[in-house]
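Chain residues, written in single-letter form:
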Amino acid sequence: MSLSRRDFLAAAGTGSVGALLGSAWGATQSVDTITQVDNPLKSYPNRDWEQVYHDIYSYDRVDWTVCHPNCTQSCALNFYMKNGVPIRAEQIYHEEEGSPGPGSPGGYEEAGVSRHWNPRGCMKGLTLHRRTFEPSRIKYPMVRKGWSPDDPNPEGRGEDEFERVSWDEAIDLIAEKMASLEDEKRFHIFNAIKSDGLITRHGAGRRLASIFGGCEWTEYDWYADLPPGHVITTGYQTSDADASAWRAADYTIIQGKNLIHNKLADNHFLQETRERGGKMVGVYPDYSPTVQKCDRWLPVRPGSDPAFALGVANVIIDEELYDAEFMRKFTTLPLLIRQDDGKYLRAHEVFADHEPPAEDSEQRHEENDWGDFVALDENGDPVPVTREEVGDETPTTPQLEVDTEIDLADGESVGVHTDFTRQKANIMDNYDPETVEDITTIPADALRTTAREFADAEKGQWFTGEGINHWFHSNDSLQRTIFFVQSMLGNIGERGAGYYNYSGQYKIEMLDGYPEYVNPDGNAAHGMYPGYAFAFFGGEQLDAHEIRGDFDRELDLVPQGDAEEPVMPTNAESYTMSKPTILWTMNCNLLNQTKHQEHVIENFVKHPDTSNELSIVSDMHMTYSARHADIVLPVPSWLECDYPDITVGPENPFIHMDHGVMDSLYDTKQDGEAVALVAEKLDEKIPPEERNVDSYRSYFDKFLDDDKDVRDYIQQTLDAGMTTRDIDVEDIEDGPERLQLKTYPRIPFYSQINEDRPFYTKTGRMEFHKEEDRFLELGRADLDHIESPEGTPYGVNQKWEDAKDEENPLYHDEEYQFYYNTPHPKYRTHSSWGMTDWNLIWSARDFGSTNADPEGTERLVDDFSFPQGEGETEETPPLGEAFVEMHPEDAANIDVENGDYVRISGKRGDLVVRVMVSERQRPRSAGDMGQLTLWHGWWPQQFPDDEEQEDGIKGYNVTTNIWLDPAQETDDLVHKAVFGDPNISEHVEDDIAWKGAELEHGYEETVWAPTGTNRDDLVEVEKYEEADWWPGDARKDELVQDYIGGSLQGGDS
Amino acid sequence: MPETYNPQLGREHSYPYEHREEERDWHWGMIININRCINCNTCSFACKSTWTSGEGEEYMWWMNVETEPYGGYPMGWDMRLLDDLGKDETIFEAAEEGEAAKGYVAQKEEWEYPALGDDQVHGEYPTGDVVESDLEEDEYHDMWQFYLPRLCNHCKNPACLAACPRKAIYKREEDGIVLLDQERCRGYRKCVKSCPYHKPMYNPETGVSEKPVGCFPRIEEGNVPRCVSSCIGKTRLHGNINRGPDAGHPNGNTDAAAGRSPVNYLAKSDEKIALPLYPQFGTRPQVFYMPPYHVPPEFLTQMFTPNTDEKRNDWPGSTFEESIKIVQDRVRNPSHHVLGILQLFGATTRLIETYTVKEHRVKGWDRKGNKVVDMPFEEEMEVREGEMWTNQP
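Residue numbers (UniProt numbering), protein chains in the order written: chain E, 1 to 1053; chain P, 1 to 393.
Mixed in with the good hints, there may be bad ones.
List of simulated lysine-lysine pairs, DSSO-like, C-alpha gap at most 30 Å [said to hold, decoys possible]:
1. Lys-108(P) to Lys-1036(E)
2. Lys-363(P) to Lys-279(E)
3. Lys-459(E) to Lys-358(P)
4. Lys-272(P) to Lys-311(P)
5. Lys-279(E) to Lys-272(P)
6. Lys-139(E) to Lys-702(E)
7. Lys-799(E) to Lys-343(E)
8. Lys-87(P) to Lys-272(P)
9. Lys-145(E) to Lys-702(E)
10. Lys-606(E) to Lys-145(E)
11. Lys-1036(E) to Lys-368(P)
12. Lys-279(E) to Lys-311(P)
13. Lys-459(E) to Lys-363(P)
14. Lys-42(E) to Lys-272(P)
From the derived model, a few chain E residues whose C-beta atoms are all more than 10 Å from chain P [unchecked claim]:
15. Lys-293
16. Asp-295
17. Thr-396
18. Glu-509
19. His-812
20. Tyr-901
21. Ala-1034
Pulled a few chain E residues facing chain P out of the computed Cβ check, cut under 7 Å [claimed, not checked]:
22. Tyr-53
23. Arg-115
24. Trp-297
25. Ala-425
26. Leu-741
27. Tyr-744
28. Ile-1044
FYI, nobody ran anything at the bench for these hints, they're computed from the structure. Beta carbons: idealized from backbone N, C-alpha and C, even for Gly.
Construct all of the structure, not just a fragment, from the sequences and the given hints.
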């Protein structure tokens, strides 16, 4: 901690800054003769000077591009250019003379939507030019001095200096290393976003991995955004609607999602529900900013979310508020389940003449035939129900509640009940509102009221978000239960009704011609799961049982692939387990976002025995990840790109194409071009007979040959997709177009509900009970709330009945008494814009100062030790620094005031950070456990050093964990693949990339994978150091209580 | 000193200059729907990137959004003035000898943290309880925050103008925008001191003060200000606040609707739904806010009404607290007409002069009488016919 810096700020606090700044703040100019002004309220004599502001406003020309970071939105922006430099950005409006943007007039209007979508683009887009000019930019290719191809010397990562190399040298080093691989699978491409940078950027890396025979990963699985409960219930990745559909809802329950700050451009559609008579109820542990938009806030104990939804289900069942017809038509609720083994009863077991499915489960998957199912008709007679007999085609009117013995074809009989009987019994026994109050701390009467109102509403929608997906158990059981509630109420398949998640820029399926580009000629990269790389491919490996919450070590784990450790159950053979000898990260600050950061840095990145011999990072900025790379490649900002690229998102109907507006400031290349150059070198280094394809270069020649056009890659992709087959590159050069989907706005499961098409499950229905062995053996086949494996004061990893009377020793004995919450910030997208001056000042809130040295960011990039630095930084405050929010009660308990520093420690690491005392946070007194909020995406140099910790590993992710849910480690589950709709895959034309697509089983990244979860971490907090400077605290002003009470004016105070 | 009638207060008070005999035909005005505001500060970034990205302007945010009740740029700006003023006393009446208006110069460190208190909330954590608002039951959130976008109000009694010893601040004849003559100013900072909203700011590099310009180069072209066109929350509508029910067709174009502007309807009609910020200061600010309906009315009465015991103006209700409650209810449950106008928010960059709302459809015309908006309250749902189409799924 640099005392002299604080001394300066202490001076600022006492008002002596004026003296430091000298006379600049005084009136300096002498009075001269003035023109007579009579009454300036009426008129003013000389207004020629107004030209000053016309000049400031003026520009030479307007160009446009698209801002599309990992926020799931994508917004077209006009850039106002002066002398070749963008001076400001503005959102593009439909058909506007005043908005010269794409296709003017045109813009979004050409995309077949109305002005309701105006305007799109948040404050981050408006500082894209400042980010482009900001000093943390990587200016030329560099190689770490301690690295050589034969001796990677990983211990030096993050510490060694870099030296500048030419692009030729960098490319040659990469290609040489790739050519020397004995197993091509050890070449890994990693990127964060799959629906962005598709063709001419990191998508090219994926194409290279495909033809080379390598692996590719995405941040999406690793970062725990996957909502597996969606796949378990519907067989589909995530059900999300276009944002414009939200507005039609009569009632919204929004749970753990700070939508107003994370879906900035489209948030108004949700807020507008209230103007149209809609009601909003929020379920959050803290006063999320979205709470202010809610009519009612139900404060919930962190991690207990599934119990809330189960309580709602309890009320709906108890008071018979459900829609029995919808349940019969679209769900497994009327299907019979064998009580002896928990499997759905099959028709061939009951009817002697009914054809059984193949014995071999592999074959069943291939034939999409898992047998037919059985329900009881009105007379109590069994009827077979096939996978296709859904909706109006459901045979008979099956009974929802059955508990009986049934005679089987083989002469035996077996006890059966319906899925509804099964779920009802459990929910009625275990989740009445009073019990749910014990679990969640939500008052029972408020839950009842909410459930009744929600059931009464014509159209109800329910949102959850990343915050909940990051909990070990919430990320499937909550989601499954919400689908259960929504299907009991018929809230699926129409505008304004549904269950949405919107976690992650994963909706590459919206661009369904994409396989044409990334999987050319049938070559496809192997999928990989990042958590395994970090847990098992380093030096010291993590305990496989522990990271599954399997403290009793009951899971039977066996070696998989080339991993030496037992990491997978036997029925998960489809997982790829390949060590990343070469890891090329594009478009992602992987190590900053990585969980269990100390383990990852120490045992994967820097360990002498790491499997990773070459780490390449392509980025705009010298991020934490770039700093730990061996080769760093600079990429242009969206404003500087030579080649256009396309993007799509999950909450808007648009396909956008960006293009640069200015020359690149530095020696940058787009990923596509860099990859193409590597491919060219591979042809030189690898003899034809050893290549995976005839020529690597030929797959990238449009980047390399002057007479070719990379836009042809984009056009090929568009031509191969149903959503884009009628769109030409020229069309999107003039502005966004609307994707060609079944409905606008896009309504998930529209065809299932309105056209009787099956869901992507074995039964063709939304499945609540699961019969797959993995769920049965883990006791998770039905809807339940299970306490966290770590984040609870009660018994860990158990259902409430058992958990409630037990104590979590970590909490009770070791006093880890805080949840550690890392929600997404609004001024950054993850860590991007983290060093852009205005965004940094605002994201640091009370600790963000506009008076900081304007050279501040320059310096912090140079010495990489922000905020205190090596001497020079002592004179001025930083633009901003990280902070943790803590309830005043809990802060007072450890004698901490606003602005003081604390050390947060957990089982996996610790960090020092400033405290922002915040009434928004959940105090320990609200239910034993307090909540800390440290906003996601800070850069490590925005945290102070801990003087007692030598490792120097710091940041918001050092205390988080790698958790892998074993329920997701199974090949048995059926799902829809990312690309293509199996229901209609025979109806599309031959040139569509997914013609003939079928249901899938086994691992598929971004759909079905053992997702990491990290919210379950418990931490303790201790005071580290008192601050000797802090900004004013309005809450301590003596006037503030009168101000808040409305009695300040007029001498009342 | 001349007396002037202040309709926001319903009484006369002193102001140093005589007003025009008749109101201008056209006057800059803005409506902000606080209920839609999300504190993204896109408006602030839009404003700053357009107007104050030069040297000496690093600390200047002409447009800022602060979180009530703990935010404030400059720190605690309104608390201090509220405390200094008597009940029913404008800044002009409270002025000390030799000054035009009561005020103070905020110190440099008070300007230093524009995001101070951002997203903070006031209240006790509702242990064992819920937080709920229900206007019919007079129930408001007992734990609350809201976002207050703040900008120059282009007041009809501008304190900055009144205070300038150089008479370097004036109100434009054609649109009422209050400008500070950059060539005439000598940096006395009387405007900085007098503006109760603290929007004139001193540039230590140039030695002169600057104040927000109402985006006049855009207004002159018939476009709305940057803070309005950039608002992704669709919280804002800009236009001619003086265009009342008797006004004719814009530009004489009979194809365009005559009568009120949409901003005038929201701020001035019998269905008043938007209120000025601290009218008690006496400056007749021309930005009008649709107040947050979940916030206790006591606080809002202090912030958005003259806050006197006696209610003298033409607002609804018999007390100001009642006015607030009536307006909160109108905001929570907007009429068909108001809902129509709400669709104009963020619909176009063009400045909407007149409009119609009929049968769930709203239309708007610009100052030339050109139709610039014609849209239904809700888009039609489209379903593609044919087997091969999918929503994936």
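Here is how each hint holds up against the structure:
1. Using a Cα cut-off of 30 Å, the hinted pair Lys-108(P) and Lys-1036(E) holds, with the two alpha carbons roughly 20 Å apart.
2. Straight-line distance between C-alpha atoms of Lys-363(P) and Lys-279(E) comes to about 28 Å, which keeps the hinted pair within the 30 Å bound.
3. Distance check on the hinted pair: Lys-459(E) and Lys-358(P) sit about 26 Å apart at the alpha-carbon level, within 30 Å; holds.
4. Restraint check: the Cα-Cα separation between Lys-272(P) and Lys-311(P) comes to about 16 Å, which is no more than 30 Å; the hinted pair holds.
5. Annotation: proposed proximity of Lys-279(E) to Lys-272(P) holds, straight-line Cα distance about 24 Å (limit 30 Å).
6. With a C-alpha separation of about 25 Å, the suggested pair Lys-139(E) and Lys-702(E) falls inside the 30 Å cut-off, and the hint holds.
7. For the hint pairing Lys-799(E) with Lys-343(E), the CA-to-CA distance comes to about 22 Å; that is within 30 Å, so the pair holds.
8. Annotation: proposed proximity of Lys-87(P) to Lys-272(P) holds, straight-line Cα distance about 24 Å (limit 30 Å).
9. Using a Cα cut-off of 30 Å, the hinted pair Lys-145(E) and Lys-702(E) is violated, with the two alpha carbons roughly 34 Å apart.
10. Under the criterion of a C-alpha separation no larger than 30 Å, the hint pairing Lys-606(E) with Lys-145(E) is consistent with the structure, at around 15 Å.
11. Under the criterion of a C-alpha separation no larger than 30 Å, the hint pairing Lys-1036(E) with Lys-368(P) is inconsistent with the structure, at around 52 Å.
12. As the CA atoms of Lys-279(E) and Lys-311(P) are separated by approximately 33 Å, the hinted pair breaks the 30 Å bound.
13. Between the alpha carbons of Lys-459(E) and Lys-363(P) the distance comes to roughly 29 Å, so the proposed pair stays at or under 30 Å and holds.
14. The straight-line distance between the Cα atoms of Lys-42(E) and Lys-272(P) is roughly 28 Å, inside the 30 Å bound, and the hint therefore holds.
15. With a closest Cβ-Cβ approach of about 8 Å to chain P, Lys-293(E) is found to fall inside the 10 Å limit, against its non-interface label.
16. Its closest Cβ contact with chain P, about 6 Å, brings Asp-295(E) to no more than 10 Å, contrary to its assignment away from the interface.
17. The Cβ of Thr-396(E) sits about 26 Å from the closest Cβ of chain P, beyond the 10 Å cut-off, so the non-interface label holds.
18. Separation of Glu-509(E) from chain P is inadequate, the least Cβ-Cβ distance of about 5 Å not exceeding the 10 Å criterion.
19. The beta carbon of His-812(E) sits about 21 Å from the closest Cβ of chain P, which is more than 10 Å, so the claim that it is off the interface holds.
20. No beta-carbon of chain P comes within 10 Å of the beta-carbon of Tyr-901(E); the shortest separation is about 18 Å.
21. A beta-carbon of chain P is positioned within 10 Å of the beta-carbon of Ala-1034(E); the least distance is around 5 Å.
22. Checking Tyr-53(E) against chain P by beta carbon gives a least distance of about 5 Å; that is within 7 Å, so the hint holds.
23. Against a cut-off of 7 Å between C-beta atoms, the interface hint on Arg-115(E) holds, since the closest Cβ of chain P lies about 4 Å away.
24. Hint status for Trp-297(E) relative to chain P: holds, with the closest Cβ pair at about 4 Å, below 7 Å.
25. Contact between Ala-425(E) and chain P, as hinted, is not supported at the beta carbon level, the nearest pair being about 29 Å apart and thus beyond 7 Å.
26. At a threshold of 7 Å, the smallest CB-CB gap from Leu-741(E) to chain P is about 5 Å, leaving the interface hint in force.
27. Interface restraint check: Tyr-744(E) against chain P, minimum CB-CB distance 4 Å, threshold 7 Å, status holds.
28. Below 7 Å, beta-carbon pairs count as interface contacts, and Ile-1044(E) has one with chain P at about 5 Å; its hint therefore holds.
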